[in-house]
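Chemist: Mind docking chains Z and Y on chain E? Use the hints.
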Amino acid sequence: MEKTLHKQNINISESLMARIEELISHYPADKRKSALLPVLHEVQDAHDNWLSTELQEKVAEILEIKPIEVFEVVSFYTMYNQKPVGAYHFEFCRTSCCMIRGAEDMIDYTCNKLGIKEGETTADGLFTVTGVECLGACGYAPMMQVGDYYHEHLTPEKVDQIIADARAGNIKIHDK
Amino acid sequence: MGQKILLDKIHIPGIKTYDVYRQNGGYAAVEKALKHMTPDEITEEVKTSGLKGRGGAGFPMGMKWSFIDKKSGKPRHLVCNADESEPGTFKDRYLMEHIPHLLVEGMIVSSYALGCNLSYIYIRGEYMWVYKILERAIKEAYAAGWLGKNIQGSGYDLDLHVHCGAGAYICGEETALIESLEGKRGNPRIKPPFPAISGLWQNPTVVNNVESISNVPWIVLNSGADYANIGHGKSTGTKLISASGHIKNPGVYEIELGLSVDEFMNSDQYLGGMMNDRPLKALVPGGSSVPILPAHLIYKTAANEDRLMTYESLSDGGFATGSMLGSGGFIVYNDTACIVRNTWNFSRFYHHESCGQCSPCREGTGWLEKVLWRIENGQGREEDIELLWSIQSKIEGNTICPLGDAAAWPVAAAIRHFRDEFEYHIRFPEKVKDRNHFTAEPFSQVQHLMHKQTL
Amino acid sequence: MKVTIDGHELEVEPGTTILQAARMMGGESVPPAMCYYSKLKGSGGKCRACLVEVSKGSEADPRPMPKLMASCVTGVMDGMEVKSITSEKVLDARKSVTEFLLINHPLDCPVCDQAGECDLQNLSFKHGKSQTRYIEEKRTFEPEDIGDKIQLHMNRCILCYRCVMTADQLTDERVHGVVNRGDHSQISTCISKAIDNEFSGNMIDVCPVGALTDKTFRFKSRVWFNKPFNAHRNCPTCSGKTTVWMFGNEIQRVTARKDVYHEVEEFICNSCRFDHKEVSDWTIEGPRKFEKDSVINQNNYTRPLIPVTIQTEDHILKGREEDRKKISMKDIPLTPKNS
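Chains as they are written, first to last, in my numbering: chain E, 3 to 178; chain Z, 6 to 460; chain Y, 6 to 344.
One chain only, chain E, in its complex shape (with noise of 0.2 Å):
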């Protein structure tokens, strides 16, 4: 594994270190350490929605612990990525429920309207796709997640909907 490649601006800012803060009081004072996974996706969403190297370091200092102990973690959750992405994640459920109700043939829609294969994104930063495992939205298939967010009973037409919102800037991504 190599550090990473791309160039990532560190920022906690002020309202981000008092937000750690409150998560780490959720724990008690010898276990820092605790605070870790929710830590991590509030920096993750305040930089992009990706950890470098260099930013994970930065959590290891916070919580006061080794930096490989945060990479372990990192590269462990499948929700933190280690290379940047899309501005919008689009992550398709690709499990057995959504699957038979055509959670592949959605994932091909919305690849060829992006003109990307799955895993990608788009030229302009703006778009990733991916198939991930069960979200838990099985009753509503097809289903993607976007950020924080889920977009359930998928078809074309409201894929366009949410490619064009997003375009737009009028879809939310994070309850912030």
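If you are wondering where the hints come from, they were derived from the structure by calculation, not from laboratory data.
Not the full set, but computed from the structure, chain E residues with beta-carbon under 8 Å of chain Z:
1. 33
2. 74
3. 79
4. 80
5. 101
6. 106
7. 135
8. 136
Taking beta-carbon pairs under 10 Å as the criterion, some of the chain Y residues facing chain Z (in silico):
9. 51
10. 54
11. 105
12. 108
13. 109
14. 138
15. 141
16. 189
Backbone N, C-alpha and C define an ideal beta-carbon position, used for all residues, glycine too.
Modeler: Relative to chain E, chains Z and Y alone:
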């Protein structure tokens, strides 16, 4: 209409908010528990109720509570498992999303019963908006004096927080969940010691599913015996069923245990029958890990008795002709579904979600996926079916945690009940090139080819 | 407490694991252990090679345990009865685990420095087959440089976590760990950082396979061509008790002393391991003995130590005298040795 315990208030407008929840009798269980009951009395009621853990394993909840180590004097913790990730299951999310205070109330009562002063709800990271809903609900509960120091003047203190995961099915396993809550990789721990003795930060810990905990307020307000009166035999109470797949009305249903599978599937009150009225081919009744049932074993057991929605009836016949209620992830397949593709899909899931700690699961799940992928894509060999059977049998029972078993069972069941479909894929590779191969030409229509060809 | 393993009864202290009890007994019943390491706290339970059948739980609760148990992490109970090599199920499980560990293994023993002292080789020899049922592409990892002392071959790794625990328990600055998940889990520093502290070399000794090998010994010799001797020196950092691996008068490698289960007796420091390779650095105690079926014994290194003059170069360069006479070099004068 069966009795509702969890969802009876779900349609009240604004029930998400503290005020509406409180006006509709919310937090009465906390009042009753703190004022009139001792922790042990609550544990006894839960024991009497016969409530089984609703996460999938079905372990009696009261018994689990009674294992918690109270002698060591260490702080104790209750952790709610809201890491719902079993394919086919989305009931906990439904509860937390629509009536979050029910879980908070359940957590307070249960923590009191267990003598915990610091408890957590561990929710999967993908449910980020639900995480925020819970965070708000907890803040409201603090503000109203249901959490914090000296709750309602009872002298009982409880801090409750919600903690989010970040995308790992394995964190639904209780010891992996605890590791994750400690800010580590979700590697399941070796048991013993069990969490009841040494769990979160080496303290005695109980981990319970969202639905299990949400039942506790009702049990406290009524009684364990009342709860045990609902349901059927040892399957007491109600169960949330997440229904998905090729049915008319997918969604979450609260049923009284003991309802027949036939009624649940076909009555308009529940699933409303098959989507587009196509024939029923198979059913996974309890989430992806449990064995798949072929059409002839769904409504009737092998002994020709009605199949009921109970722990016992669904597992009637063992793995040879039965399955499990599991987490209640009810996935229905019609004749356009390909069992080979579906089994491959499940295998890909387990391969993707294996933590990688122990060798049979780390190596075996990937192997299963690769072989299944070859068969599904027309590159299977006759010996591959035996190979799959052998691999799954070598994983099962030999791993640290149940994920290995969960990866093995669906493969075993698919081969057991749908072997001819695997053979068809191997013998007619050109006919399975398209991924929707059974949509235009369901297996029942091409099955006759199998009899014409001899090897 | 009384425990019976494969029909042999023995008394052990409370807190003993089944594996430890079996090791006290010795012999064929000792389960193989690929991840457990008695000197590392929290090790074991992962490889599943040491699974045994508990046919009687204890005197108090005689029910058999439903699943095979990892003997390295299962404590003995009074009256417990264990089946190791007397259980078909156990032998089957060992075969399965061996197969799982090998499907993605590169099987590059001919070029692997660990060959001859590799636990995976031994396990395959005992429980493996000569055919494979795995026709898929093997998993590979990008090579990673972790410094000039230790060579990391991730493709060979079986993820026993021993090296991670070594770094955790012997040093206070662990820089490597297990990253990624599932069958893509790997040992890595994530940032290609050199693993360099005064005890890092012990990672090589605890590695059961050829995933971590001594870079200063790389491709120098097959281990069975070396003569291992116990040696010691006055070391300010560690006990200074080592095994030196000699080829002629040259010390090619220094390791800790390993017992019959290939566990080190005492961890040693990097200075002893990497920086002291002169014979004069060491007091040689005598030949280091290995278990009787070890390939290292092929070298008959336990014979009395006689100084050997290596004449390889002379022979190779000049050939035997009688041959020289027969062929083209007969006109070239042969200078007498030591002239």
